[in-house]
Structure formats: structure tokens, C-alpha cells
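The listed protein sequences correspond, in order, to chains A and B.
Those letters in the first sequence? Residues 1 to 348, per our numbering, in order.
Those letters in the second sequence? Residues 1 to 387, per our numbering, in order.
To be clear, the hints were calculated from the coordinates, so they are not data collected in a lab.
Treat the numbers as computed from the prediction; the structure is a model and nothing was measured.
Worth double-checking, as some hints may not be accurate.
Among chain B residues calculated to face chain A with C-beta under 10 Å, some are [to be verified]:
no.: 1; residue: Q2
no.: 2; residue: T6
no.: 3; residue: F94
no.: 4; residue: K308
no.: 5; residue: T315
no.: 6; residue: E322
no.: 7; residue: Q325
no.: 8; residue: A348
no.: 9; residue: S349
no.: 10; residue: I377
no.: 11; residue: I378
Far from chain B, by Cβ distances over 12 Å, these chain A residues were calculated [said to hold, decoys possible]:
no.: 12; residue: A48
no.: 13; residue: A149
no.: 14; residue: E264
Derived coverage of chain A by chain B (criterion: at least 3 residues anywhere in the stretch with Cβ under 8 Å from a Cβ of chain B; other residues may be distant) [what the hints assert, rightly or not]:
no.: 15; stretch: 14-22
no.: 16; stretch: 173-179
no.: 17; stretch: 215-222
no.: 18; stretch: 245-253
Beta carbons are placed, not taken as given, at the ideal position from N, Cα and C, and that holds for glycine.
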Amino acid sequence: MDFTFSEDQLLFQDSVRGFLVNEITPERLRAGWDTETGRDPALWQQLAELGLTGLTVPEEHGGLGMNAVDFVLLAQECGYVALPEPLVNHALVAVPLLQDIGGELAARWLPLAATGEARVVAAVEQNLVVEDAHVADLLLLERDGRWYALEQGQFSCERNESVDPGRRLFSVTVPEGATVVASGPQASSLRSATLNRGALGCAAQALGLAQRMIDLSVQYTADRKQFGKPIGSFQAVKHHMANVAVRLEYAKAPVHRAAYAVAEDAAAAALAVAQAKLMACEAASLAAKNSIQVHGAMGYTWEVDLHIFMKKAWALANTWGDAGWHKQQVAAVIFADGAALGAGATFQ
Amino acid sequence: MQLAFTEQQQAFRSEIRAWLKANVPAEPLRTFDTEEGFQQHREWEATLNQGRWGMVTWPEALGGRGCDLIEWLIFEEEYYRAAAPLRVNQNGIFLLGPTLMEYGTEEQKARFLPAMAEGRDIWAQGWSEPGAGSDMAAIRSTAQRDGDKYIINGQKTWSTRAVWADWLFGMFRTDPESERHRGLTFILVPLKTPGITVRPIPQLDGLPGFAEIFFDNVEVDVSNRLGDEGAGWAVAMATAGFERGLMLRSPARFQETARRLVELYRANEASASHDPQIREAVIRAYLDAESYCLSTYQTACRLSQGGKIGAESSTNKIFWSELDQAMHATAMSILGARAELLPHAPAASGVGHWLDGWLFSQSGPIYAGTNEIQRNIIAERMLGMPR
Chain A
1 MDFTFSEDQL
11 LFQDSVRGFL
21 VNEITPERLR
31 AGWDTETGRD
41 PALWQQLAEL
51 GLTGLTVPEE
61 HGGLGMNAVD
71 FVLLAQECGY
81 VALPEPLVNH
91 ALVAVPLLQD
101 IGGELAARWL
111 PLAATGEARV
121 VAAVEQNLVV
131 EDAHVADLLL
141 LERDGRWYAL
151 EQGQFSCERN
161 ESVDPGRRLF
171 SVTVPEGATV
181 VASGPQASSL
191 RSATLNRGAL
201 GCAAQALGLA
211 QRMIDLSVQY
221 TADRKQFGKP
231 IGSFQAVKHH
241 MANVAVRLEY
251 AKAPVHRAAY
261 AVAEDAAAAA
271 LAVAQAKLMA
281 CEAASLAAKN
291 SIQVHGAMGY
301 TWEVDLHIFM
311 KKAWALANTW
321 GDAGWHKQQV
331 AAVIFADGAA
341 LGAGATFQ
Chain B
1 MQLAFTEQQQ
11 AFRSEIRAWL
21 KANVPAEPLR
31 TFDTEEGFQQ
41 HREWEATLNQ
51 GRWGMVTWPE
61 ALGGRGCDLI
71 EWLIFEEEYY
81 RAAAPLRVNQ
91 NGIFLLGPTL
101 MEYGTEEQKA
111 RFLPAMAEGR
121 DIWAQGWSEP
131 GAGSDMAAIR
141 STAQRDGDKY
151 IINGQKTWST
161 RAVWADWLFG
171 MFRTDPESER
181 HRGLTFILVP
191 LKTPGITVRP
201 IPQLDGLPGF
211 AEIFFDNVEV
221 DVSNRLGDEG
231 AGWAVAMATA
241 GFERGLMLRS
251 PARFQETARR
261 LVELYRANEA
271 SASHDPQIRE
281 AVIRAYLDAE
291 SYCLSTYQTA
301 CRLSQGGKIG
311 AESSTNKIFW
321 SELDQAMHAT
331 AMSILGARAE
341 LLPHAPAASG
351 VGHWLDGWLF
361 SQSGPIYAGT
371 NEIQRNIIAE
381 RMLGMPR
């Protein structure tokens, strides 16, 4: 039993955090809202140079051959800065899916994914809209029980504006005669695995988002004075933030366990992921609710940065399986006859 | 990261499981808030100790097994799975024992630890006073030095299990000029000493689960002092330190409650499903109990690799106490009209022990530092908000 990250994993997290916090400033995020794609090829190139685009690509295809446990801490950091580039989808969802599909498709695209020359994006039908379809060099799309591999230019997409101006969401039309890369039971098992990875990505980012909102609120309430004191010295304000800290603290281990279950392809991965996503997104939603409250009227403005993170947290809570869907995954397990519950069942 | 138990850990689990199967009384003991139940639980402590299962985290030389935190978690899982009796001497074993090992003299260890292990000495705590609750540094009970004696005067209150306990450990003001955290001394007091009056206080269930204790010129030998004179606060902080906070309420306890709640829901689904919030609350109970378990394992692994615990440990008590309250509230909702009935009432079919648990769960957010104090600590020490 070793529920810790290695020194290397923690060091990598530190260096990625340092890079992201320096580069992905709120000003840069805001500037991206007004550009045509909202995405920045130069930034993607920097992420590739850090080894992030190839992190989960097998070594024989030019990557680092790492897995969800290696990536989960980095996904948290992506959440912390509200990274607009589709790195989490690419590395945690699409690349493993490409490996699962295998064959010529994988052989052709994995090396390009590793170097970052190709951005690969995956989407399941349940998502309703497709994130970052407009910049996907390869889009792996599930529709009507089949998986399609669509190259940029082979499909048309129509933008859906989100409450979060950093998100770029599209309705994608699959063209006649598009390449089907999986169907039948294989497609269905790929869908489950992809949903797990996508939901894990949301959960990990939600942890980072919650931490960012805490940090912003702690700073704001230390600076803002009323009645001659920083408002952060008032218990009513403190307890709002303490409540967030409690929920966030107990959401971390479930996310890390879910990453482990996904990496090990464990039979109980769907349950672990559902638990992780529910706990983490709930922590982030509470962070949003309490953070806007302690920011007062400033929190309700476009000008203050809080909403960048708040809106992303709201969006992630209901994508890659909304809360109701994930609760149903949990219910199906715990309300079944002979369910393994209670003390000692957690790691069985 | 490797989330599987080693063969050694699995063997440890099998061993305790087998022992509990053979030794846990078939008939549940009476509550230790009755004289008869207290005696039964004292005997159970002796039985546990004979099997060397009483203090698994204690060193082998002291009758323990030198278990690390992971083994301790496994032990607790099996203990709660087996519905073994609650620990009447947990104040002694989990709080005072480790403190004695750290601060006690060799003579004190030899004098107190074996008797504690065998259940001969059951310990109560003496912290709170009428004017010192959340503000523990406001302690006013005094211990005046007189040669090789301390003369104790004052009053302690909310002392759990003190009605039938043998000993009390607590803090007293040895320097009458001192204020707040200074001038306090940690002293071990036999409750049978002349000058002590123990007055039972009935708890919410009507049973005398705690007591107030009056000290009227009580003479205690100086050799009963733990740590230096005036150093009581530091000793007490060690007693309340994280690992012991963790040991106060292991995840197994709440996972078993969550498991029973799922069972209760399924057994009453026809009526309970009328309120969709009940189903939601049952799912939530499972999720939170599992998350508490996962977080505890993660912390235990980090500590066993030499990691340090930080202020985030203050989140622990809020999480489990509010989880416990929520789970029992859900059980009450499921039981509906039966919820208020005592278990022996003729119409109380299938109520189990939920009512007792519900009453007890009300105390969780209050004892061991109220949840309001914990939230202040989290905000100030973990998040760095201004005092």
C-alpha cells in the first residue's frame, strides 16, 4: 500500500506549475477570449517542449510512456490556471483512446501527438458539444455507437457560446462516408473508458480551480477592509472559506485513486471516477459559491478575475457526465445485491 | 503509487479477523454508560490485551504489536466489521498512553502503562472547566506545590466516563500568577483520592456518560506530574496531536455506518423513495465515508514515508463529525414515524441502534474542539487568513 506520488512526479508538478502560473496569466486568458480561435499555437508549442503533449504517448512512438497517475497532478495545475489549450483532453483522454484503437491510425498519429504537431481531441456523444473541435488536427468522435476519426477539414462545426468565454464548444456534423474506426461492443467499451478519462480530467482540473478560487478569495479578503479591519478577519467570512477547504481536502484522495484505477484499467474504475468527479466538482462549485460571496459586489463583475475560474468550474461540473449521471453510476453499485461496502472494502 | 495491500498486511488482516471471530461476545455488551456495562467493557479490554490486540500501535515491549498506521487502519476495519465493543479506555490507550511514552519517566511508564493495557486503570480526561471550554487556556483549577505534594482545588467538567473511571489526566494551574498557556501543569490524579467529588451528569440519552469533578484540597504526589512543572500546555498539545486525532475516529467506523445506512434504505425503499433527498443523502454518505477512508490512507502513507502533517489535519474533525450527523439524520428520515421510538418499544420494529447513534452524533461537532474553533484554525493556519 503506497498512496503517495513519487519524488519525480511531485517535482514535475512543481515545474509545470511554475511555468503555467507565469505564462497563463488572467490578462493572457482575457486576451484569448477575443481572438478567432481562442487558442494560442505558440503556447501549445511551449507545452510540447515541456514534454506535456507526449507524456502519455508510448515511448516507441516518441513519447514518455506515462499514465494517468503521472498526469493527474499536472491536470490539477491546468485547472489552477484555467489553461485554454486542449492539453488535458489530448494527453489524458485522446492519446490513450488512440492507443486503444491502435492499428494504422495510432501508428500514424501518435508520433505527431507526441511532438505536439497534432492536437488530438476526443469526444463522446453524451457531451452534447465537442470542446476544441476547431483546433483538433484529429478528432475522435463517438456518435450512434460508432467511433469516427475525423481530420481537420473533413468535418464542419458550428460554435456554441459558453458562459465561460474561455471554452470553445462546437456542434460537429459527421460527413457521409466518414472513417469508422470502431463499432459494436468495442465502440461501447471505448466509450466507457473515454468517459472515465474525460471525467477524471474534469475532476483533477476542478481541484485546481477550487484551490485557485480559495487563493483569490484569501488574498481579496486580506486586502479589503471594512469596519477598520480586513474582512478576512471576520469569522463569518473565514468559515465560508474553511468550508471550501474541508470539501477540497477530502476530494483530493478520491481523484488520485481514480487516476490509479484508470491507469490500471481496474474493473471498478467507473465507480472511482464517478466518486472523484462528484467530490471534486462539488468542492469547486462550493468554492465558486463561497468565493463570490466573500468578494461581495466585486465578485459579480466582469473585471475581477474570480469569474474566469468560477465559470470553468460550473462548466466542468456538468460535462463528461453530469452529476446526476455519475450519481447513478454510484447508485448502481452500492444499491446492488451483494455490494462490497463498509470497512475494509475500499481497496478490495 | 500502489494501492494494494502487501502479503504481510493481508496476513495481519486475516489474523485479527480470525481472533475477533472467535472472541467478540455474541451478545452485545451493555453501554459503558451504565455500571454493569462499564464492568463488561473493562473485562473486554483485558480479553483484548490477552490476545495482544489491545494496543496494536504500542511497542511490543509494552504489550503492543508496534503496528504502523496502515496496520492500525486494517485493525480498525476488522474491528468495526466485527462489531466489536467500543473502547472504554480509549482516553488511556490512544491519548495518554502515547503521551506517557513521550514525556513519562521510566518509573511512570512501568507504573501506568501495564495497568492501562490490562483494563485495570480506566482513564478519564480533565480539561474543560465551567469557565474553560473552547478557551482551554482559561483553566483556573489550581495545583499548589507543597513539598513533594500538589494540593489541587477547583472543578473540572464534561469528563467523559469519569463516573466509573479510576484515574483522571488533566491540566492544572501550578503558578497562581500565570496567565493563559503558561503556568499549567499536566497531572495524573487517582479519582478515589480523598477530597474528590464526582457528580454524574446525565447525557442526552439520560445515562451518566460524563461527570463534573470537584477538587477540595486533594493531595497528589509530585511523581504524578507528567512533564515539567509549567509545561502542561506542550504536553497537552502532544496529547491532542494529529495522529491521535486520527485515531480518535478511524474511517472504518463511518464506513460501517454508511454500509448500514445503505441496508436500511434498501430495507425501507418503498417508503423512503417517496423523498428523493433521502436517496441522494444515502449516496452522499457512501461517497463521504469512502473519501474519508481514502484521504486517511493517503495521509497515513505520506506520514509513514517521513512526511509531515500540516494544518490541513484540522479539516478531519469537521468532516467526520458532520458526516456522522448527516448519516444519522438520514436514518431518522428513513425510519419515519419509528425514528423517535426507543428500541424496546412494541412498535419499534427494525429500528436497530439508530436512535442512540443519532443522539451521540449530536456531540461530534462539539467535543474535541468545537467545529467553529476548527474552522477558525483552518482559516488562520491552513489558509493564512488574518486573525
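Consistency of the hints with the structure:
Of the supplied interface hints, the one on Q2 (chain B) holds, with its beta-carbon coming within about 5 Å of a beta-carbon of chain A, less than 10 Å. Contact between T6 (chain B) and chain A, as hinted, is supported at the beta carbon level, the nearest pair being about 7 Å apart and thus within 10 Å. With a cut of 10 Å, the hint placing F94 (chain B) at the interface with chain A is violated, because the nearest CB-to-CB distance is about 18 Å. Because the beta carbon of K308 (chain B) sits about 13 Å from the nearest beta carbon in chain A, more than 10 Å, this interface hint is broken.
About 4 Å separates the beta-carbon of T315 (chain B) from the nearest beta-carbon of chain A, less than 10 Å, and the hint is met. Because the closest C-beta pair between E322 (chain B) and chain A is about 8 Å apart, less than 10 Å, the hint holds. A hinted interface residue such as Q325 (chain B) counts as satisfied when its beta carbon comes closer than 10 Å to some beta carbon of chain A; here the least separation is about 14 Å, so the hint is violated. The criterion of a C-beta within 10 Å of any C-beta in chain A is not met by A348 (chain B), whose closest approach is roughly 24 Å, and the hint is violated.
Residue-level restraint check for S349 (chain B) is violated (minimum Cβ-Cβ distance to chain A is 22 Å; threshold 10 Å). Annotation: I377 (chain B) was flagged as interfacial toward chain A, and the flag holds, the nearest CB pair being 8 Å apart, inside 10 Å. Hint on I378 (chain B) holds. Least Cβ distance to chain A is approximately 4 Å, under the 10 Å limit. Every beta carbon of chain B lies more than 12 Å from that of A48 (chain A), the smallest distance being close to 26 Å; the non-interface claim holds.
Remark: the non-interface label on A149 (chain A) is consistent with the geometry, its nearest Cβ contact in chain B lying 32 Å away (cut-off 12 Å). E264 (chain A), annotated as away from the interface, has a beta carbon of chain B within 12 Å; the closest lies near 8 Å. Figure legend: the stretch 14-22 of chain A, annotated as covered by chain B; annotation inconsistent (0 residues with Cβ-Cβ distances under 8 Å, at least 3 required). Here's how the stretch 173-179 of chain A fares: 0 of its residues keep a CB closer than 8 Å to some CB of chain B, so the rule of at least three is not met and the hint is violated.
Interface restraint, the stretch 215-222 of chain A with chain B: holds (3 residues with C-beta to C-beta distance below 8 Å; minimum three). With 7 residues having a beta carbon nearer than 8 Å to a beta carbon of chain B, the stretch 245-253 of chain A meets the requirement of three or more and the stated coverage holds.
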